[in-house]
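Chemist: One letter stands for each residue in the lines below.
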Amino acid sequence: MNWSAFIVFVILFALVTVVGFWAARWRKGDLTLLEEWGLAGRRFGSFITWFLIGGDLYTAYTFIAVPGLVYGAGVTGFFAVPYTIVVFPILFVVMPRLWSVCQANGYVTPADFVRGRFDSRGLSLAIAITGILATLPYIALQLLGIQVVLEAMGVTGAGIMHDLPLIIAFGILAAYTYTSGLRAPATTAVIKDTLIYITVIVALIVIPARLGGFGHIFAVANTHLLAAPKPASIFLGPKGYWAFATLALGSAFALLMYPHAITGVLASKGQKAIKRNAVFLPLYSILLLFIAMFGYFALAAGIHTKVSSLVVPLLLLKEFPSWFAGFAFAAIAIGALVPASIMSIAASNLWTRNIYKEYVKPTATTADESRVAKLVSLVVKLGAVVFILALPLTYAINLQLLGGIWILQTLPAVMLGLYTRWFHRSALLIGWLVGMVIGTVMAASQGFVSIFPLQLGGLVLPVYAAVWATLANLLVSVVLTWIFNAAKMARGVDATTPAQYQDARAGGIGA
Amino acid sequence: MDDKSSRPRSKQWYWLFLLPFIGTLWPPFYAHEYPIVAGFPFLYWYLLVWVVLVGIISAIVFAITG
Numbered sequence: 001m002n003w004s005a006f007i008v009f010v011i012l013f014a015l016v017t018v019v020g021f022w023a024a025r026w027r028k029g030d031l032t033l034l035e036e037w038g039l040a041g042r043r044f045g046s047f048i049t050w051f052l053i054g055g056d057l058y059t060a061y062t063f064i065a066v067p068g069l070v071y072g073a074g075v076t077g078f079f080a081v082p083y084t085i086v087v088f089p090i091l092f093v094v095m096p097r098l099w100s101v102c103q104a105n106g107y108v109t110p111a112d113f114v115r116g117r118f119d120s121r122g123l124s125l126a127i128a129i130t131g132i133l134a135t136l137p138y139i140a141l142q143l144l145g146i147q148v149v150l151e152a153m154g155v156t157g158a159g160i161m162h163d164l165p166l167i168i169a170f171g172i173l174a175a176y177t178y179t180s181g182l183r184a185p186a187t188t189a190v191i192k193d194t195l196i197y198i199t200v201i202v203a204l205i206v207i208p209a210r211l212g213g214f215g216h217i218f219a220v221a222n223t224h225l226l227a228a229p230k231p232a233s234i235f236l237g238p239k240g241y242w243a244f245a246t247l248a249l250g251s252a253f254a255l256l257m258y259p260h261a262i263t264g265v266l267a268s269k270g271q272k273a274i275k276r277n278a279v280f281l282p283l284y285s286i287l288l289l290f291i292a293m294f295g296y297f298a299l300a301a302g303i304h305t306k307v308s309s310l311v312v313p314l315l316l317l318k319e320f321p322s323w324f325a326g327f328a329f330a331a332i333a334i335g336a337l338v339p340a341s342i343m344s345i346a347a348s349n350l351w352t353r354n355i356y357k358e359y360v361k362p363t364a365t366t367a368d369e370s371r372v373a374k375l376v377s378l379v380v381k382l383g384a385v386v387f388i389l390a391l392p393l394t395y396a397i398n399l400q401l402l403g404g405i406w407i408l409q410t411l412p413a414v415m416l417g418l419y420t421r422w423f424h425r426s427a428l429l430i431g432w433l434v435g436m437v438i439g440t441v442m443a444a445s446q447g448f449v450s451i452f453p454l455q456l457g458g459l460v461l462p463v464y465a466a467v468w469a470t471l472a473n474l475l476v477s478v479v480l481t482w483i484f485n486a487a488k489m490a491r492g493v494d495a496t497t498p499a500q501y502q503d504a505r506a507g508g509i510g511a
Numbered sequence: 001m002d003d004k005s006s007r008p009r010s011k012q013w014y015w016l017f018l019l020p021f022i023g024t025l026w027p028p029f030y031a032h033e034y035p036i037v038a039g040f041p042f043l044y045w046y047l048l049v050w051v052v053l054v055g056i057i058s059a060i061v062f063a064i065t066g
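Chains as they are written, first to last, in the numbering used here: chain W, 1 to 511; chain Y, 1 to 66.
Some hints could be false.
What the hints assert, rightly or not - Quick partial rundown of chain Y residues pointing at chain W, CB under 8 Å, derived from the structure:
no. : residue
1   : GLU33
2   : TRP50
3   : VAL51
To be clear, the hints were calculated from the coordinates, so they are not data collected in a lab. Just so it is clear, CB atoms sit at the ideal spot from N, CA and C, and this is done for glycine as well.
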């Protein structure tokens, strides 16, 4: 057991716990209202939103998985950089419209919006279920982040003692999320990011100097990658172009469709706060590029492991004194708590608004909604703990991969729906179903790999399965809309008005 | 489009956002080793430059369109 690392870890964890509970009293609101518990009253300014969306996008799983991928597959893992470049223009252009229409109509979830826009319970249910399904394995994988750092510190035991620290950590998270709602991840995200930025800056100063500089690190990493049983490289060859570009593009659109990302956006106080964040959020992408480099650092430092999730913890243990390794481990573990908290709130909001109130108890009051959402957030986290402790890890990883493909299938209804009501609601629903099935079959047929090589004539295009699935989804939606419109099938009533998509304060002109 | 009439002319600045897509999603532009800067092969520092550029482009569009 590495005591000095563990003590630093426990102190920082205790700090986060105190802040998480204190958050209930911060910018006090009536937490018996779902808008207050689940969106913190839509009052977050640019600064807090930066931490909240940053906490959403750059999770512990990112910090563990991206360098792990780079360690094993080389440059391929760097698709995460163009991904987190192009995501921000999309955030800037699209999400302010979503914020405005949701604020004007009191919508809490993307499924609320789809319900109002297309007047379709079925489509709304599909969006809600997709969101919940995509989020649950993501929450489970945040636990993996905590698990690996506990293991790296030598916190081991037999039977239940082995799992107890993880259960305690998640129990604390569940308790403060229950009492404080979205205010908890918003405040703890500030601590999380402070720790992460310090860790990465220190690592960039210390590790390259110890390993002989960046040029040497790239060279050694490349030698190791070329010599691996499944050879890879630090250079991107023409064969990798399609996968690299489509993974980046598909992931960027998928990210903003995730319920937790939308929750972060809706909790901000206006269009300007979102746009300002598109300006400053790329700071995290600089961080991500260097975190991805940790994979090369590990190769150059002579770290040998078959478990990709251990690459970063082993590197930190080897290159840092143990007390600072404890600091870095706390950064990763807290980096797991923040998104897990937001994700569980987002899943609870979907369940409460679009399944419970819609199908179980239509007479539910706002107090009922808040009560149910709080309880569901506990159930969701309990489910995640059971998932990660009782089932093989590959289940969670495969499901998270599928989740990215699935969530992108909500794009035509949610994102295109912000711009046009041309699509027929039934066409969107069938398109969604086609996309879900094709994406799942494609990924499963490759043994749960994201890239599907599709044969088009004499050409084989290895493209992110989510992109193929979305193209099929769009094609079906367009063709069926033509048919359904020609057949004059009922289109329902649009509950939103064009002015509601513009900046509220500018009186619908949006200047 | 439901609301073309209320679309202000300043939104044309949004076209600037095509640049990061073209610059970073077409690997033939940057999948090279040289020139190396500070030990970083071209691909790596090129993408790093784009991270900064995308922030600057957003800042420009924000300043103009509010």
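Chemist: For the hint on Y:GLU33, just tell me whether its beta-carbon gets within less than 8 Å of chain W.
Modeler: The hint holds - Y:GLU33 has a Cβ within 8 Å of chain W, the shortest such distance being about 6 Å.
Chemist: Min Cβ distance, Y:VAL51 to chain W: is it shorter than 8 Å?
Modeler: Check passed: Cβ of Y:VAL51 comes within 5 Å of chain W, closer than 8 Å.
Chemist: Restraint: Y:TRP50 near chain W, CB-CB cut 8 Å. Satisfied or not?
Modeler: Interface hint status for Y:TRP50: holds (5 Å vs cutoff 8 Å).
Checked against the numbered hints listed earlier, the structure breaks none of them; every hint is satisfied.
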